[in-house]
Amino acid sequence: MTGTVAVLVFPGTNSEDETLRAVRAVGLEGELVHWSQPEKLARFDAYILPGGFAYEDRIRAGAVAAHDALMDPVIEAAQAGKYVLGICNGAQILAEAGLVPGTGPLRRPTAAFAPNASGRFQSVHVHVRLAVDPGRVPILAGIEPGAVIPAWASHGDGRLAAPEAELARIERDGHLAFVYCDRDGNPVAAPNGSALSCAGLVNAEGNVLAVMPHPERDAWTFQHLDATRDAVRGNTEETLAPSGGIVFFEAFARAVLAEAIA
Amino acid sequence: MTATVDDAVARGRELGVALSDDELRRIAEHLERVPTATELFAFDAQWSEHCSYKSSREHLKKLPTEGPSVLLGVGEDAGIVRLGEWNGETYGIVVAHESHNHPSQVVPFEGAATGIGGIVRDVLCMGAEVIGIADPLRFGRLENEHCRYVAQQVVDGIAAYGNAIGVPNVGGDVFFDESFDDNVLVNVVALGLVKEKDIIHSRAPAGSVGWDIVLVGKATDRSGFGGASFSSLTLDEEDADQNKGAVQVPDPFLKNVIMRASYAVFAALRAEKIVAGFKDLGAGGLAGCSAELCAAGGMGAEVELDRVSTAQPELPPEVIAIGETQERLCWIVPTSFTPTLLSIYNEMYSLPRVARGACAAIIGKVTETGRYVAKHRGETVMDVDLEFLTGGVRYSRPYVLPVVEVEARELRRSLYHDAARNDYSRFEALSAILGHRDVCSRAPIYRRYDGVVRGCTAIPPGFADAGVLVPIPGASLGVALGVGGNPRYGKIDPARAAELAVIEAIAQVTAVGAVPAGLTDCLNFGDPTIPEQMGAFVAAVDGLTRASRQLGVPFVSGNVSLYNRSSSGNSVAPSPIVSCIGTLPDVSRSTTGRLRRPDSKLAFVGVLPRTAALGGSVYAELRGIRSRTLPEIDYQMFLAACEYVREGIARGVILGARDVSDGGLLAAAAEMAFAADSPIGFAFEEDCGLINHGEYGSASWFGEHVGYVIEVGKDEAVRAIADRDVPYYEFGWTIGEPFAERYDDGGALNERVLLADLREAWEAPLRAFYGASTGPSTSSG
Chain A
1 MTGTVAVLVF PGTNSEDETL RAVRAVGLEG ELVHWSQPEK LARFDAYILP GGFAYEDRIR
61 AGAVAAHDAL MDPVIEAAQA GKYVLGICNG AQILAEAGLV PGTGPLRRPT AAFAPNASGR
121 FQSVHVHVRL AVDPGRVPIL AGIEPGAVIP AWASHGDGRL AAPEAELARI ERDGHLAFVY
181 CDRDGNPVAA PNGSALSCAG LVNAEGNVLA VMPHPERDAW TFQHLDATRD AVRGNTEETL
241 APSGGIVFFE AFARAVLAEA IA
Chain B
1 MTATVDDAVA RGRELGVALS DDELRRIAEH LERVPTATEL FAFDAQWSEH CSYKSSREHL
61 KKLPTEGPSV LLGVGEDAGI VRLGEWNGET YGIVVAHESH NHPSQVVPFE GAATGIGGIV
121 RDVLCMGAEV IGIADPLRFG RLENEHCRYV AQQVVDGIAA YGNAIGVPNV GGDVFFDESF
181 DDNVLVNVVA LGLVKEKDII HSRAPAGSVG WDIVLVGKAT DRSGFGGASF SSLTLDEEDA
241 DQNKGAVQVP DPFLKNVIMR ASYAVFAALR AEKIVAGFKD LGAGGLAGCS AELCAAGGMG
301 AEVELDRVST AQPELPPEVI AIGETQERLC WIVPTSFTPT LLSIYNEMYS LPRVARGACA
361 AIIGKVTETG RYVAKHRGET VMDVDLEFLT GGVRYSRPYV LPVVEVEARE LRRSLYHDAA
421 RNDYSRFEAL SAILGHRDVC SRAPIYRRYD GVVRGCTAIP PGFADAGVLV PIPGASLGVA
481 LGVGGNPRYG KIDPARAAEL AVIEAIAQVT AVGAVPAGLT DCLNFGDPTI PEQMGAFVAA
541 VDGLTRASRQ LGVPFVSGNV SLYNRSSSGN SVAPSPIVSC IGTLPDVSRS TTGRLRRPDS
601 KLAFVGVLPR TAALGGSVYA ELRGIRSRTL PEIDYQMFLA ACEYVREGIA RGVILGARDV
661 SDGGLLAAAA EMAFAADSPI GFAFEEDCGL INHGEYGSAS WFGEHVGYVI EVGKDEAVRA
721 IADRDVPYYE FGWTIGEPFA ERYDDGGALN ERVLLADLRE AWEAPLRAFY GASTGPSTSS
781 G
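Residue numbers (our numbering), protein chains in the order written: chain A, 1 to 262; chain B, 1 to 781.
The following block holds chain A by itself, in its conformation from the complex (with noise of 0.2 Å):
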């Protein structure tokens, strides 16, 4: 086994090609799976809901593709315990199908990621923080604690958004997987207004992520936007080189390869 990893592609899915480059630079065997191709889905190892406005967001960010029969081997991958990782809009779809953080019933979500404290759309660079025990995260085997990762907040409707009692219980059952940080890990306010600062959700097995800002969009050095980048100026190789938002996705690996293994 090597580790295949099904992208899924909904309609108005935006950030498939990104996904895909990432996952198949840590060594997985990536492959985009589209919305007319239901049968292929069961054969992976794991799957990856990237970036966009799938179904157009109508209803709510992610509602219409968390109903989709495209879901249905995805939650059964899920429940059986298999990873499965949602980005920005897959995020939001892992939310509406109940998945993250897990505490209710299926496509009956108890927290959701909602319109933006601002109202808007918005695309700023941001760093997040792991706020849990990395035990807690086996979808990202061996995360160091307190790991900071750089990534692209680019979202309309990341404000996480639940009941008092379900945000206190996120909160106690190490739920929050992510909140916003500075780039030394230092709490900021999140960009939009999220509830607890937070950036991603787990379920309670640790085998279903949901991030809602972008790690794939700040894992090459040629993306950066700090010193890391001008200090290799000149050099082709690492500029073009994996790195940043990278540690994200080999940490996915690491877990994917473990499990393909075991």
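These aren't lab readings, by the way, just hints derived from the structure by calculation.
On a predicted model such as this, the values are computed, not experimentally measured, just so you know.
Where hints are given, some of them may not hold.
Said to hold, decoys possible - Some chain A residues near chain B, calculated using beta-carbon distances under 7 Å:
#1 S36
#2 R108
#3 F222
#4 R233
As the list claims (entries may be wrong) - To list a few chain A residues with every Cβ distance to chain B over 12 Å, as calculated:
#5 G98
#6 P105
#7 I143
#8 P191
#9 A260
Each residue gets a CB set at the ideal place from its N, CA and C atoms; glycine is no exception.
Dock chain B against chain A, hints included.
Okay, now just chain B, sitting in the frame of chain A:
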């Protein structure tokens, strides 16, 4: 015959087409009968200014369009410049530049959104992957309520469409001016990536007689009927409601899917080594598009309008044929490939499931007749000679060139002297400039756009003058996009404004280290039937021609938008808007426009002004200086500066660079400081000697000189970068504290301000208007 001709004119008037009586007569004489309604609307669109460039073409042919960097020049939906070689293949960058001015004035959200929709199809139909967009915008005064509405809705429309289709927005600019109160300018540039051998042309291929004509996309409806001729009318407030029907309805969700399906079709064509024809449906709708495709290949067409998927029953044939429903494209493919094509769109990408009535469907055949024949319910509703239809009409409009007065030195001196009398400090002036509507931070706008989707963005907006993409995964080849054009200059001297627009666009891509490979223009002017307004256009084309020739960068595509005037007769500020595509052989040798470290040198490299020129500057406006002397141009000096900057960046000697332009030297330096990764300030010495001192001091610091501000490491031997003299002036240095400092001639610290205060002045104006963004700013990332 006379009776026929008169009937034709009467028919045209009755249907409300924009064709002139003369044009209607020509059509009737050619057809030797009264044209059908479908034919009249087809001519109306094809002979509109928008499609035929009937007033502009004789002038546009002056523009230089050839050069070694051109893979495909002017003539199709988009031009293509050479990006470089990778893995044994030659790659090109497709570039298209359009306006969507009239629709955006009437229905700003939809107008701006469909502007992107249209330009993206122009790039797509060359066989390219769409990799980037940019929007040059010209809004009216924000004091005016309707202008505020337009300015909000246009940005919303761009964000809604561009974000959904997943194409990064990597540039553009914004100006505010009262001349745009009644007539907003919404230009849009789009870039695509294509291998040279995979370019698809917008024509019926040789030997394509009998091939299928396939219409792809949204079900045809009544929206956008008459759009081409609408954009060639002047806007009259009373007609606003009536004109709304001429604006198309955007569907970025469907477009997202059509783009991806089309990429799959490209792959299938490559696999089967088939040459096809592909074109976007824009102005003139289905008939316009299929007619141009077949005319370009020297063929004819026979089209069955009944086979077009329609959204509403009982659409009249002229609406099916000419309506400009969005999100549609037209293929010409061999019949053997048609099943593959249909199955990709209809099954794999299931267009009919994505939007009601959307599909790919065969609607006709290519013929050898040279005629365009359209049938509807068994009746021939159109039968015209293709060359006559698409050859259009040409006008030699009378024009009066603008008179540009040369200001006597004495007059200029007295103008500037008056302003100097109640002088305020350099930093008070700088703060006012940074807070000026045309200089202040654009972050509240560009943060609404996704600048990093596709994962190929190396420099998103805000970090440099040009956006930079690395479009081929694994390859070091980069693409830079710059945009220039200043309405304040346009009002004073359209020709020089055009030259300065070319210079600015080139300077922006050079400032990141790129080589300018090609130019595009969108020429936004007033009414060509008014000799003074036509004269401004002619002068601008002359200016573009001069700059392009002097700087050796050709035009590869462009667009003309005329009739940008309101019913009161006022034209918009003559607005030649230019974009430049730059190429980077190795993106690791590019740089940004932000300060990098303390104790570096800050220098100006560019056209060293021989005299003060504050005409059209932000400073002049703020101080009420009515000078009309625009920034000095010296092409040899500018070229030397460009070469110097490019080489300095490639060698790593130049740490960062910005084009001076709006606001002048200190404003450029301040913007570099604002973009810095850590707190770095700057200092300057009043006696820098850029221009003779004394009453011209303010012109040194706030004149919008042609050239660059650069940061150079303190130990670098600057003149050793290039083996020649460069127009270089050191005026300051960077400091490790978040301040801006001014030293006097004797070297004593004279004035000092917090960068944060300058920054607040810069960020506040549009933040208030477009809404605050909370959380980390991009520059802290």
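Hints and how they fare:
1. S36: 5 Å, holds
2. R108: This hint is violated: R108/A lies away from chain B, its Cβ roughly 26 Å from the closest one there, beyond 7 Å.
3. F222: 5 Å, holds
4. R233: 6 Å, holds
5. G98: 25 Å, holds
6. P105: 28 Å, holds
7. I143: Since the minimum Cβ distance to chain B is about 21 Å, I143/A lies beyond 12 Å and the statement holds.
8. P191: 3 Å, violated
9. A260: Given a closest Cβ separation of 25 Å, the condition holds.
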